[in-house]
Every structure is written in C-alpha cells, then in structure tokens.
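Read off the chains here:
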Amino acid sequence: MSFLESFGGGALALLGAALAAALACVGSAKGTGIAGEAGAGLVSEEPGKSGKALILQVIPGTQGLYGFVIFFVAFSKVSGLIGSLTVQQGLQILSACLPIGIGGLLSAIAQGKVAAASINILAKKPDDWTKGMIMCVIVEFYAILCLLASFLMLGAIAL
Amino acid sequence: MAILKMKRLRLMIARSQKDELLRALIRLGCVQFSEPEDELLSVESLRRAESDTLSLKSDHAVLLRAVELLGKYAPEKKGMLSAPEEVDGETLLDSAGLSEALTLAGEIIAADERIRRIGSEESRERAVIESLVPWLNLDLPLDVDGTERSSVMLGSVPAKIPLDKLREALESVTEESELFEVSADKKASYVMIVCAKEFLGEIQEALRAFDFTAQSFAGLSSSAKQCTAQCNAALERLAREKAACEASIVEKAARRDELKLAADRLENSLAMSEAADLALSTEDVAVMQGWVPAEKEAALEDVLSRYDCAWECEDPPEEDYPEVPVSLKNNKLTNALNMVTEMYSLPAYGTVDPNPLMAPFFILFFGLMMADIGYGLIMIAAAIVAMKKLKPRGSSLAFCQLLLYGGIATAAMGVLTGSFFSDVLYRLVHLINPDSTWPGLWHLFSPETDSNLVLYGSLVLGMLHLNTGMVVSAVQKVKNGDKAGALFEEGSLWIILVGGLLLATDMLLVKNSALHYAGLAVLAVGVVMLLFGAGRNAKGFGKVTAAFGCIYNTATGWFGDVLSYSRIMALMLAGGVVGKVFNTVAVMPAESSGVNVLTMLVFVIIFVLGHAINFALNILGCYVHDLRLQCLEFFGKFYSDGGKPFRPLKFGGKYVRAKET
Chain Y
1 MSFLESFGGG ALALLGAALA AALACVGSAK GTGIAGEAGA GLVSEEPGKS
51 GKALILQVIP GTQGLYGFVI FFVAFSKVSG LIGSLTVQQG LQILSACLPI
101 GIGGLLSAIA QGKVAAASIN ILAKKPDDWT KGMIMCVIVE FYAILCLLAS
151 FLMLGAIAL
Chain F
160 MAILKMKRLR LMIARSQKDE LLRALIRLGC VQFSEPEDEL LSVESLRRAE
210 SDTLSLKSDH AVLLRAVELL GKYAPEKKGM LSAPEEVDGE TLLDSAGLSE
260 ALTLAGEIIA ADERIRRIGS EESRERAVIE SLVPWLNLDL PLDVDGTERS
310 SVMLGSVPAK IPLDKLREAL ESVTEESELF EVSADKKASY VMIVCAKEFL
360 GEIQEALRAF DFTAQSFAGL SSSAKQCTAQ CNAALERLAR EKAACEASIV
410 EKAARRDELK LAADRLENSL AMSEAADLAL STEDVAVMQG WVPAEKEAAL
460 EDVLSRYDCA WECEDPPEED YPEVPVSLKN NKLTNALNMV TEMYSLPAYG
510 TVDPNPLMAP FFILFFGLMM ADIGYGLIMI AAAIVAMKKL KPRGSSLAFC
560 QLLLYGGIAT AAMGVLTGSF FSDVLYRLVH LINPDSTWPG LWHLFSPETD
610 SNLVLYGSLV LGMLHLNTGM VVSAVQKVKN GDKAGALFEE GSLWIILVGG
660 LLLATDMLLV KNSALHYAGL AVLAVGVVML LFGAGRNAKG FGKVTAAFGC
710 IYNTATGWFG DVLSYSRIMA LMLAGGVVGK VFNTVAVMPA ESSGVNVLTM
760 LVFVIIFVLG HAINFALNIL GCYVHDLRLQ CLEFFGKFYS DGGKPFRPLK
810 FGGKYVRAKE T
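Respectively, the protein sequence lines represent chains Y and F.
Take the first sequence: its letters are residues 1 to 159, numbered as in my numbering.
Take the second sequence: its letters are residues 160 to 820, numbered as in my numbering.
Don't read these hints as lab results, they were simulated from the structure.
Just so you know, these numbers come straight off a predicted model, no measurement behind them.
Note that beta-carbon positions come from the ideal geometry of N, C-alpha and C, so glycine has one too.
Here are the simulated distance ranges between beta carbons: (1) S50(Y) - E433(F): 30 to 38 angstroms; (2) L359(F) - E37(Y): 49 to 57 angstroms; (3) N696(F) - A40(Y): 52 to 60 angstroms; (4) S50(Y) - K813(F): 18 to 26 angstroms.
Stretch-level coverage of chain F by chain Y, calculated; a stretch enters the list once three of its residues show a Cβ under 8 angstroms from a Cβ in chain Y: (5) 723-734; (6) 740-754; (7) 766-779.
Here are the simulated DSS-like cross-link-like pairs (lysine-lysine), alpha carbons at most 25 angstroms apart as the crow flies: (8) K49(Y) - K237(F); (9) K30(Y) - K52(Y); (10) K813(F) - K49(Y).
Bound conformation, chain Y alone (with noise of 0.2 angstroms):
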C-alpha cells in the first residue's frame, strides 16, 4: 500500500485513462490497418470501389474513439482533483477504464480481419458487400458493450 501512495492516486486514474485511449486506439490501429492493406490490394485493381473499402476499412476505428470516449469521462473526472485522489479512488478509476482498453484493443483487431475479408468480398460479389458489413457489426457490440462497463462504472464513482 506504500508502495502505492508513494505513487499517489491521482497517477493511477491518470494510468486508467491513459490505457483506456492508449489500448484501444493501438487496436483501432492495428484493425484500420489490417483491413486497409486488404482494401489497398482491391484499389489497385479496381479504383472505382475505393469509397466502399473506405467504408470497410473505418469500421474497426470506432474502437479508438470509444477509448477516447472514456478517456474524456474519466479525465474530466479527475481533473483538478489529481492531487488529492487516494489510492483507493485511483485505482477505482484505473479498474472502470479496463473494459474500453482491453476490450477495445482487442475487439478492433478481430473487427479488422473481418473487415478485410469482407474487401473479399467487395472484390468477387460486389452487390453482396453489405453482408460483409453486417458481419463486422456484429463485432462492433462488444466493443459498444466494453464501453457502457467502463462508463457506468466511472459514472457510480464518488469522488
């Protein structure tokens, strides 16, 4: 426990908040990323569907704007108040930013290998590529239901 109030408690919000951006945007990178060198391949062969890859290749970015979300939460929480946080209310707010930032990093990467299969798609059935949104939706959810924990727990914290 010295060990920790060496440190204080306004370090560890600062450390929830910095993981619940830093993880999730990292994921939404990796998952962008992926599923932007799919869309690339498509765009050097048909130009003409790259507003469509675009489309597939944002949708794992939302991931990173959640960990902002919750970032913004949780820091406009504590700010102003860094100095006089204890250790216990630290940590609270380190353990409510958890969901965002694990959950986020790496429901963005699974989100981005369905995206980039889903440029397969675009690429032989373009009329069907909609299905191939759809099924990157359905990986959107977790990363929607990481959120709501983070949020709901940073909202039942009293500081």
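Chain Y is fixed; fit chain F onto it per the hints.
Okay, now just chain F, sitting in the frame of chain Y:
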C-alpha cells in the same frame, strides 16, 4: 398482408403465336414460367425448341460493357438523385436500331482494346529507352560484333570491381585486347571490350571471374542515341493514336442513350427467350407451365382469350408447396419490412407472412435504440427526399419506407428521452448563459440516469416480442391439427411464465406466502407438462433424455433469448454517451476562451463531424441488432423459411424502366 395465393398454370398454344403471347405476358407482368412437370418431359414428341438465349446473352454483355466504357472515358454528368427515365412498354419491346447499337458497341470495345494494347507497347518502348541510357556515349551501332580480325563485346561488370584490375587481367591473356569504359552508375560499370578474334574464348573465360554480363542488342542496328530517338518517335506516335482512340470513344458518348435503351431492350428479349426455353414443343404446338397469383387470374384470362390456346389454372396440392413461388402482399406499413424478410429468407408457401407481426416491433426497437430527435428528423428528411427524387420501386422503395418509419420512431423516442443531438441544446444554453438553471429537454426517462429501468423495460419488451412469436406458432399448430403440440410446447411455457410472474410479485412486491405457494404450484404444473410434452414422442429411456434435454434447452434458450434484448438498452445508452462527449468537446474552446467566431466555427466543425460519425455508426448498428432480434430470437419461435421468390416475366432494365400501368 399475406402470402399471395398462387395457381399452377398449364398452357398450350400454337407455336406461331408463342412469341406474340410472351410479349403480351411481359406486359401483363404476373406469370412466372417454370420447368415442365416430369410426365411432360417423358413424352417423346415434345422437344425443346432451339434457343437464341446464348447469343442474346453475349450481345447484352457487349452492350453493357460498351456503356460501362463510355462511363469511364466520358463520365456522365448527372445528379446523384435522379430517377431513371420512364418509357412505355412498347418502346422496350421494339427491336429497331439493335444492330446499329451493336456495331457502335463493337467499335467502342475495339477502341478500348487498342488503347490497352497501346499501353503495353508504350511500356515496351520505355523499357528499351531505359536500357539504352548507359550506352548513350557509345557512338557505334549497338549490334556491332567485330571486324574481320577483332571481336567486340558490350557488357557490364559490378561497380565494386575496379576496372584497372580487369584491364590487367585481360592484358595478361593477350596484348591484343582493349577495354573501354562507356559509362558507370551506382550499380555497374558499362564497358566495351575489343580483342583479337582468336583470343575471344580465353578473354571470355577471364571475364567470367569478374562477373561480366554480356549485353546483346538484337535488332538495334544503329547507335544508342539514334535508337533512343526512334523509340521516342514511336512513343509520340502511340500517344497520338491513343488520343485519337479516346476521342473516338468520347465522340460516341452522344449516342449513350441509344446504347442504354438497346441494352435494356435486349434484357427484356433475354427474359422472354429464357421463358421460351422452358417450353416443350411439337411441330405446331408449344406447351408451357408456370405460376400465376390467383388474384390475377381474370386479367390473364383476358389476355389468353385473344390467342389460339388451351389453358387451365389449378390450386397446387399441398405436396407441391415447396415448389410454389412466394410473393408477399403488403400494405404501405408492412411493405417496409420486405427488405428484412427478403434478406433473411422468404417464408415457405402455406405458412405465415411475418411482416405485419414484425413491423411494429422492428420499428419500435429501432426507435428505442437510436432515440434522438435530431437523428430521427435527418432520417425522415432523407427518406422523403429519396422517395420524391428517385421514385424508387421494389426493394429500394421498401428501404426508403423503412428509413421513414425508423426515423419517425427515432424522433418519437427522442422526445421521450429528451435527446436532440444528445444534449447539444443544454450545452448551448449553458454556454450562452452560464448561470442558467435550465435542466435540458423534458424527458420521461433518460438512459443514463434510469439505466436499470431501461434495461428492465427492454427485457419486458423482449418477453412480449417472444410471446407474440409463440402465439403465432401455437395458432399455426392448432390450425394444422397439432393441438397437443401447442398445449405441451407453448402452453406449458406460458404456465411456467405465469408461475414465475406470481413468484416475482410475491418476492418483489407483496410478500404474501399464499401467493408464493400458488406460484410454486403453477410453476410445477408447467414443468411437468413441459416434461411430459418432451417425452411424449420418445420411447423407453429416450423419454428421460428427451425430458432433460428439453429442460436444459428451454431454460438456457429462454434465458439467452430474453437477455439478448438488453442490447436495446446498450445501444440507446451508447449512442447518447458518444454524442454527449462530442458535444462537450465541441463547446470546450468556447467555454475556455469565450463565444466568438473562431470558437463557434470549431464548435460547428466538431459538432457536424462528430455527429456524422455517431449517426452513421448508430444507424448501422441499430439496424443490424434490430435485424438480429427479429431473425434470431423472434423468427426462432415460429418462422419456417425457404420460400422461393416469385419472379414473374415482366419488364426489367438497368437504365430505363417501363411506365407503371
């Protein structure tokens, strides 16, 4: 509001009148031809007539390709929102100008092919120019190979090899050799070696140790400079030819509409030809079979009476139901759900049309999940504009209707949750007047503060939805004479539900022990009925496993199904939260440095971009999750799918469409 009743059509017609009849039927647009029945196929004298479907198909593909190429070289200037041109049916059946259109299309395709060949010729010329660059200083014909007594070799050695060493090595072979450096770049030195003819073999041997690569310029009989000039001249000529080809295509763009009309005419000829392929004929008579909606029988009779034909319509027997094509007849409200039903799978013939049952739930759930006045208004506006401008038909009309009803529900639910682009009004009011005590828009409930209420509400709606499905299933079972099935499967679940409700009332509300025992008793009756129902068709030990399987499936299945409706609350909350954060970020600069033009500009940019993202994500997410609730949870209770869509012979076309009569 139901699945259209179909009749099987059997038709015999004088062969000479067949084409005329098909033209009349495509105008009527309500007969789907099908493969003849087996007993007809086995009649020796009935044969398939010769068909020109294949040649029509390839002509059609040529026309489509030509229109596509025109679009590539001379893009059409046309607003995004414009309805396809309408022509009358006679224009679509006319085949005048087809051969001219095909010639034109052939010319366009040939010009495009020439352009592509020119592209590869150009890159070949460029490659030659590239390979000549190191030799531009050499003033000798490139195919020089020596004189009477001497040999000449052109080639390169890697740049890391000092040429002096190479020179020494060559001189050690023979004095009668000479090495000239022509040029050098980072990778290699380009050299010319002259030697006495009799030493050529030894010199080559010596060169091998230095990684010498000989270069031959077959066919280039002049110096590198002259060859480069020739290549450049060729490139210019090719560029001119390419421009001429492109211009010839662009010039043909004036006749684009002619090509489009011809393509659509051929598409209709193709449809008639494919229908004709299904007929069996003797010398004089053609026999055809198909399906016609019962309500169109009179109209069909009217058409057929004008031809020399014999025909009958009969109701299909139940064993033929799997073959009967399915068409859903819907009113304006339920038509919107056609999109959902068709995307999943049409109902089997002889079962229920799910659209009227699904419509209220689908639209309500969608509204609950989006729940924002602003987003709802955008959807309504988009739907109305699209319907006015595009005059959609078929599935695009269903999409627009769905957008409209979804928008209305979204706006209505937005009123209940007090959400207009999340909380932008609250933010703005408090920005302008920081002392304002306005609490934001009126709301009946808010997903953020009453999240438990919203969650339970979602689950209750889910129960209602699932029970609607079960009522349909029970009614169907009773209709089909399976009263016991309805009683033991749906009935016992309802009894369990009543028991559960009694227990819940006892525990949560009144704490009455009589109610407690009554609840337990009802529950027990329900479980026993369920067990008995599960075991009633099994024998011996199978009864036990069937009963346990049933308990497990019912418990986990129902539990999972009901909990799945929590997504309604999750999506409602998520959309609001994300929107709220965008609003907060958007007003931040104005809050910290005052309301001025710059901060308001920042506000508008963040607000528009943020809500555009949130809107797009939400509309897609809500549609998909609503779809899932309908197709997985709701349909799972009663739906039997597998209907084949009814595709009558009617006017079609990619670019123009027939006027509706």
